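Number of protein chains: 2
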Amino acid sequence: MWNKNTLTEKIGIRYPIIQAGMAGGITTPELVAAVSNAGGLGTLGAGYLNAEQTQESIRKIKQLTDKPFAVNLFTPETPEVHSEEVNQANKWLSPFREALHISQVPEINEIQTTVFDQQIQIMIDEQIPVCSFTFGIPSRSILQQLKEESVLLMGTATTVAEAKANEESGMDMVVMQGSEAGGHRGTFSGSFEDAMIGTMALIPQTADQVTIPLIAAGGISDGRGVLASLVLGAQGAQLGTAFLTTSESGANKQHKQAVLSSREDQSAITSAFSGKPARGIQNDFMIKMKQYEKQLPAYPIQNSLTKPIRGEAGKQKRPEWMSLWCGQNPRLCKSEPAGERIAAVVSQIERLQK
Amino acid sequence: MWNKNTLTEKIGIRYPIIQAGMAGGITTPELVAAVSNAGGLGTLGAGYLNAEQTQESIRKIKQLTDKPFAVNLFTPETPEVHSEEVNQANKWLSPFREALHISQVPEINEIQTTVFDQQIQIMIDEQIPVCSFTFGIPSRSILQQLKEESVLLMGTATTVAEAKANEESGMDMVVMQGSEAGGHRGTFSGSFEDAMIGTMALIPQTADQVTIPLIAAGGISDGRGVLASLVLGAQGAQLGTAFLTTSESGANKQHKQAVLSSREDQSAITSAFSGKPARGIQNDFMIKMKQYEKQLPAYPIQNSLTKPIRGEAGKQKRPEWMSLWCGQNPRLCKSEPAGERIAAVVSQIERLQK
Numbered sequence: 001m002w003n004k005n006t007l008t009e010k011i012g013i014r015y016p017i018i019q020a021g022m023a024g025g026i027t028t029p030e031l032v033a034a035v036s037n038a039g040g041l042g043t044l045g046a047g048y049l050n051a052e053q054t055q056e057s058i059r060k061i062k063q064l065t066d067k068p069f070a071v072n073l074f075t076p077e078t079p080e081v082h083s084e085e086v087n088q089a090n091k092w093l094s095p096f097r098e099a100l101h102i103s104q105v106p107e108i109n110e111i112q113t114t115v116f117d118q119q120i121q122i123m124i125d126e127q128i129p130v131c132s133f134t135f136g137i138p139s140r141s142i143l144q145q146l147k148e149e150s151v152l153l154m155g156t157a158t159t160v161a162e163a164k165a166n167e168e169s170g171m172d173m174v175v176m177q178g179s180e181a182g183g184h185r186g187t188f189s190g191s192f193e194d195a196m197i198g199t200m201a202l203i204p205q206t207a208d209q210v211t212i213p214l215i216a217a218g219g220i221s222d223g224r225g226v227l228a229s230l231v232l233g234a235q236g237a238q239l240g241t242a243f244l245t246t247s248e249s250g251a252n253k254q255h256k257q258a259v260l261s262s263r264e265d266q267s268a269i270t271s272a273f274s275g276k277p278a279r280g281i282q283n284d285f286m287i288k289m290k291q292y293e294k295q296l297p298a299y300p301i302q303n304s305l306t307k308p309i310r311g312e313a314g315k316q317k318r319p320e321w322m323s324l325w326c327g328q329n330p331r332l333c334k335s336e337p338a339g340e341r342i343a344a345v346v347s348q349i350e351r352l353q354k
Numbered sequence: 355m356w357n358k359n360t361l362t363e364k365i366g367i368r369y370p371i372i373q374a375g376m377a378g379g380i381t382t383p384e385l386v387a388a389v390s391n392a393g394g395l396g397t398l399g400a401g402y403l404n405a406e407q408t409q410e411s412i413r414k415i416k417q418l419t420d421k422p423f424a425v426n427l428f429t430p431e432t433p434e435v436h437s438e439e440v441n442q443a444n445k446w447l448s449p450f451r452e453a454l455h456i457s458q459v460p461e462i463n464e465i466q467t468t469v470f471d472q473q474i475q476i477m478i479d480e481q482i483p484v485c486s487f488t489f490g491i492p493s494r495s496i497l498q499q500l501k502e503e504s505v506l507l508m509g510t511a512t513t514v515a516e517a518k519a520n521e522e523s524g525m526d527m528v529v530m531q532g533s534e535a536g537g538h539r540g541t542f543s544g545s546f547e548d549a550m551i552g553t554m555a556l557i558p559q560t561a562d563q564v565t566i567p568l569i570a571a572g573g574i575s576d577g578r579g580v581l582a583s584l585v586l587g588a589q590g591a592q593l594g595t596a597f598l599t600t601s602e603s604g605a606n607k608q609h610k611q612a613v614l615s616s617r618e619d620q621s622a623i624t625s626a627f628s629g630k631p632a633r634g635i636q637n638d639f640m641i642k643m644k645q646y647e648k649q650l651p652a653y654p655i656q657n658s659l660t661k662p663i664r665g666e667a668g669k670q671k672r673p674e675w676m677s678l679w680c681g682q683n684p685r686l687c688k689s690e691p692a693g694e695r696i697a698a699v700v701s702q703i704e705r706l707q708k
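Here the protein sequences line up with chains A and B, keeping their order.
Mapping of the first sequence onto this note's numbering: position 112 corresponds to residue 112, and the numbering continues sequentially without gaps.
Mapping of the second sequence onto this note's numbering: position 230 corresponds to residue 584, and the numbering continues sequentially without gaps.
In short, the hints are calculated from the structure, not lab data.
Predicted model, so just to flag it, every value in this text is computed and none were measured.
Just so you know, nobody snuck in bad clues.
For lysine-lysine, the following BS3-like pairs were computed, each having C-alpha atoms within a straight-line distance of at most 27 Å:
hint, chain 1, residue 1, chain 2, residue 2
1, A, K294, B, K630
2, B, K644, A, K294
3, A, K294, B, K648
4, B, K642, B, K671
5, A, K276, B, K648
6, B, K648, A, K290
7, B, K358, A, K354
Derived list of chain B stretches under chain A, where covered just means 3 residues or more per stretch with a C-beta under 8 Å from a C-beta of chain A:
hint, stretch
8, 528-534
9, 540-548
10, 571-584
11, 614-620
12, 681-687
Each residue gets a CB set at the ideal place from its N, CA and C atoms; glycine is no exception.
Please model the entire structure based on the sequences and the hints provided.
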């Protein structure tokens with residue numbers, strides 16, 4: 001049986017299909033619950049939520065499903081704030097702010113990890129079945145604390161070395177993010193360019209080197225991709241873009257429409273939105289900011305600086321200035337309920353296995 | 355049966371495993387014949403051979419096997435020679451020439467297509483079963499001529515649009531080259547950066563849009579990769595780097611050793627060796643030339659300029675100045691006879707199917 005393995009047993013899910021924890025309002029409680037109710041693992045992308053929003057979302061999810069689900073957190077980064085760098089970035093961003101009639105410039109304070117610490121406590125209080133992490137591995141003491149409360153730990157890696165580091169840290173499983181993946185790169189050691197490894201190459205090479213279950217991510221949208229991931233040596237597959245366009249997803253209409261009308265060769269990697277490399281559909285913001293990319297403040301500083309731009313662009317329906325995160329698989333995406341997507345993936349796998 | 359499909363039937367091979375037509379002396383007649391004798395499709399990489407060498411290699415292959423094999427040709431490009439650009443490139447290349455004690459600077463004449471035209475005639479005269487093309491689609495009249503002589507035509511594409519163009523041109527099948535692939539990018543329309551699509555995303559999206567058989571390429575080295583390619587919608591898989599390190603391969607010892615000791619995150623794309631983007635293990639030449647990449651002469655002019663450097667670096671065992679072409683899958687490569695690699699791929703697929 002293709003759907004019975006260590007991963008599905010450990011988590012207690014019917015199918016090894018994981019919905020990526022896309023942050024920024026995409027993973028509504030309705031989406032997370034729909035995926036889990038259909039037999040996959042829904043994931044709340046809590047990276048940009050505060051403690052209150054995190055708890056509220058979790059409680060809503062629990063009202064909608066009694067199946068296991070995951071919460072994705074961003075392992076915090078605390079770069080120093082250099083005011084000159086921030087001022088320079090603000091200068092480059094001002095044409096976009098002007099065009100959108102944004103008068104206030106975000107104030108950047110010292111970066112704190114308070115929200116993350118509160119979120120960890122919520123994971124424990126709410127007895128979250130699976131907690132996944134992006135942007136690095138949290139401290140040993142935090143992982144230990146979660147382990148003692150029987151929270152399953154899922155890391156993210158983009159190279160074999162990062163997968164090994166996840167295994168050594170005590171993660172129960174690790175998402176291997178190939179270069180095809182939409183949204184932020186999970187690379188946390190070395191240069192992100194070197195770590196742009198295609199899923200086809202990344203999975204078998206990692207499977208030979210680590211023993212914890214691997215979850216393939218990047219370019220996977222349907223039964224072909226999920227079954228191929230299992231063949232390559234993963235025990236599950238994570239789908240992001242394919243769930244972004246579903247009915248329950250909170251991605252705004254312009255974002256969904258951009259993905260649904262996009263080709264495989266229209267996305268690119270940009271650091272301009274957040275200070276961290278991420279894959280999105282190429283638009284005016286990415287093209288105009290490209291020349292400054294190497295001089296922008298680090299994540300999450302740049303992310304805070306562009307937040308009003310992204311927000312207003314969404315409200316004013318200006319996709320050219322929104323972060324249109326998207327993997328290299330937009331042609332395979334559909335507008336449909338998440339449960340139907342999962343049912344289609346499952347029946348495609350069963351057809352392929354005949 | 356995983357190995358029975360339109361592709362294997364058309365070509366008359368036992369397994370849908372194609373050895374990439376790597377140019378530059380790697381695909382010795384012994385390698386091509388070993389692959390074909392083991393049930394795959396061996397390919398002579400004739401891109402850099404003259405007419406005489408092409409014919410001689412074909413005749414040797416025929417002495418070593420009575421199975422079908424392919425010849426890969428480079429669809430010619432004839433950029434104008436700008437002497438200022440060439441002089442500038444020579445200035446940048448002079449430190450490497452000096453270090454290798456190369457006194458002569460290659461003379462660049464107007465680019466001709468004579469060799470390609472002669473090679474096409476050889477395909478016909480020698481009744482080559484399969485002729486594959488990289489770097490674009492030859493003229494309609496050439497393809498027509500080959501079709502009339504029952505030569506099967508195999509194109510190369512890196513996007514869905516390029517695959518459609520291949521299908522419309524009359525190609526019988528098309529290699530879909532994912533971003534993981536080693537050596538030169540086959541992109542022939544649009545920017546190569548946009549066409550860096552991972553194999554996992556490229557295959558299913560193309561399979562939905564064209565009807566000729568697809569051959570997956572990029573990051574595939576073993577039974578897992580070949581079976582995953584079939585699951586994704588391809589009818590075959592092309593392996594390059596995995597055959598580069600075999601005993602019969604003509605790659606020099608330093609090149610083989612570099613691949614065998616390399617990690618998945620050590621290759622990068624460079625145009626510095628040939629004027630055309632290609633993936634190789636990052637070395638001193640690539641790093642030092644990176645800053646000039648956008649100002650170098652086009653392929654094949656830059657290729658001619660660096661030829662003595664690559665040649666001498668090989669002779670003097672200086673891998674830091676050689677073109678160490680390699681895909682993102684070096685950890686899966688072994689030093690073994692090509693026939694053993696194919697047998698291992700086949701038995702791994704059969705185990706995976708149980």
